[in-house]
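Chemist: Protein sequences appear in the order of chains A and B. Taking my numbering, the leading residue of the first sequence gets 1, the next gets one more, and so forth. Taking my numbering, the leading residue of the second sequence gets 1, the next gets one more, and so forth.
Check each hint, because a few of them may be wrong.
To give an idea of the interface, some chain B residues facing chain A are shown, with a C-beta separation under 10 angstroms as derived from the structure [claimed, not checked]:
id : residue
1  : Ala94
2  : Leu96
3  : Arg122
4  : Val161
Result set (BS3-like, lysine-lysine): computed pairs, CA atoms no more than 30 angstroms apart in a straight line [to be verified]:
id : chain 1 : residue 1 : chain 2 : residue 2
5  : A       : Lys190    : B       : Lys132
6  : A       : Lys45     : B       : Lys132
7  : B       : Lys2      : A       : Lys157
Since the hints were derived computationally from the structure, they do not count as laboratory data. Keep in mind it's a predicted model, so treat the numbers as computed, not measured. Positions of the beta carbon are idealized from the N, C-alpha and C atoms, including for glycine.
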Amino acid sequence: MTLDGFLKRHGGWLEAGPEEGPVISSRIRLARNLRETTFPGWASKEVRNRVWSEVLLAFDGVADSKSFLRWRMDELSALDRELLFERHLISRELAERQTGSGVFVNEDECRAVMVNEEDHIRLQSLQPGLNLQKAWDVADELDNALEKSLSYAFSSKLGYLTACPSNVGTGLRASVMLHLPGLVLTEEIKPVINAVSKIGLAVRGLWGEGSEASGHMFQISNQITLGKPEAEIISNLEQIVLEVIEHEKNARLRLISKQEIRVHDHVGRAYGILANAALMTTGEALDLLSALRLGVDLGLLPNMVRREIDQLFIRIHPAHLQKEAGAVLSPEERDIKRAQLIRKFLEGK
Amino acid sequence: MKCDLCDKEAVVHLTQVVNGEMKEVHLCEEHAVAQGIDINSPISITDILMGLSGPQKSFATELSLACPCCGMAREEFRKTGRLGCPDCYKTFMAELTMAIKAMHHSGQHLGKIPAREGVQTRMKSKVARLQKDLEAAIAREDFENAAKLRDQIKKCREESVKDEGVKS
């Protein structure tokens with residue numbers, strides 16, 4: 001399958017999953033490096049190419065290695081790299097790297113292995129809904145399979161050695177992507193972000209920063225990677241996420257019981273604009289789709305399916321629009337295409 | 001407030017709690033810039049800690065220390081906060097130990113171990129884990145369990161020594 005094949009489908013992690021209202025997906029990322037090998041940011045082209053080849057060979061040890069597609073960054077156009085970034089398969093940092101850098105992605109997009117990002121290997125496992133355990137099991141299995149032929153840089157004291165000391169130890173970054181419109185609309189999001197930040201977890205807007213996050217999408221992740229077993233890091237995060245979900249559900253209940261008319265207005269206006277606008281920026285689309293998604297969760301839009309809206313959240317991004325149009329578009333042309341795409345989606349409802 | 005590194009007025013002030021202890025960092029504009037801090041942008045405390053964690057007297061000297069394995073100089077590492085290779089952890093151990101403690105509140109890995117690592121590494125890791133449990137047991141005055149854990153640690157250490165003997 002080529003990269004264009006992605007446009008016709010959605011990632012397996014956008015399927016239904018536990019706590020799927022407030023939770024989009026769960027992610028496990030493991031950082032690994034090869035023994036006695038310079039880290040990518042400091043390595044020569046020769047070393048980076050050698051690392052790529054070693055990882056390529058290591059994939060022979062992965063049971064379903066044939067289900068993985070692979071791309072080197074220097075073979076891809078800027079638009080293709082952006083597409084992979086918009087699908088959460090590579091980081092911004094990898095997209096900007098060249099020689100020896102690339103990615104392995106399995107067909108349902110639930111597993112991806114970035115090579116020569118900040119570390120030699122950044123392995124990611126995505127699962128729909130709140131399911132960190134499953135994401136961990138999948139990542140762990142892939143890690144074990146690759147390790148059959150790769151010697152990782154490891155110390156019994158500091159664990160897996162990484163280019164940045166903030167990842168040393170387990171190399172584990174567990175995160176949950178959350179949709180929290182209830183907390184944003186009730187203006188309770190700031191105290192929640194502050195409270196979560198105080199206990200050693202990071203809260204980021206998925207698009208945009210902090211409480212100004214576009215689309216009311218947030219990502220909560222662990223900061224500490226050393227001194228705790230993986231299971232403890234994961235269960236700590238899950239406990240906190242469950243509490244945030246509880247707050248979000250309560251906020252939604254309060255909205256619907258005390259400000260029902262305002263919620264109807266919020267969702268209805270979003271629908272009205274999305275169904276009629278001829279120009280739409282990414283930021284505006286994200287915020288309005290967020291209102292639509294909330295409407296679906298609250299049962300106000302019975303003809304709509306949450307998963308379809310989640311797919312739109314990805315398809316309205318610039319590289320997706322341009323790949324679908326088969327042309328490079330100016331910002332205004334993209335705004336037109338974006339508005340068309342959404343109108344067409346809503347006409348079918 | 002004066003700069004930690006000279007007598008000028010500090011313009012950058014940072015506070016971080018490390019293992020329950022407050023650590024404050026104050027820098028003048030010049031030293032903030034020397035640390036690679038753009039005073040107009042948000043700063044990561046880890047970058048600062050990383051830069052200041054070595055003995056402050058040698059701040060300007062010894063920047064020439066470089067990793068024998070990959071050639072990364074201390075100055076470069078301090079600027080980027082990124083290491084050059086796995087061996088840099090040994091080369092820059094002095095400043096890294098404190099920065100790592102500040103970030104993770106720990107200096108001992110307790111997680112997964114690669115299958116390729118030897119029995120010795122596994123045993124060391126098991127002892128570290130038991131040691132942590134032992135400290136927790138003592139803290140909650142659960143002396144019965146603490147005694148059991150102490151015996152387990154002793155047993156592990158004895159086995160570890162035996163293994164070494166077999167190898168040599």
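Chemist: Compare the structure with each hint and give your call.
Modeler: Results of checking the hints against the structure:
1. For alanine 94(B), the shortest C-beta to C-beta distance to chain A is roughly 13 angstroms, which exceeds 10 angstroms, and the interface hint is violated.
2. Because the closest C-beta pair between leucine 96(B) and chain A is about 6 angstroms apart, less than 10 angstroms, the hint holds.
3. Because the smallest distance between the Cβ of arginine 122(B) and any Cβ of chain A comes to about 9 angstroms, under 10 angstroms, the interface hint for this residue holds.
4. A hinted interface residue such as valine 161(B) counts as satisfied when its beta carbon comes closer than 10 angstroms to some beta carbon of chain A; here the least separation is about 16 angstroms, so the hint is violated.
5. Distance restraint check for lysine 190(A) and lysine 132(B): the Cα-Cα separation of roughly 35 angstroms exceeds the 30 angstroms cut-off, and the hinted pair is therefore not satisfied.
6. For the hint pairing lysine 45(A) with lysine 132(B), the CA-to-CA distance comes to about 43 angstroms; that exceeds 30 angstroms, so the pair is violated.
7. Taken as a hint, the lysine 2(B) and lysine 157(A) pair is broken in the structure, with Cα atoms around 37 angstroms apart against an allowance of 30 angstroms.
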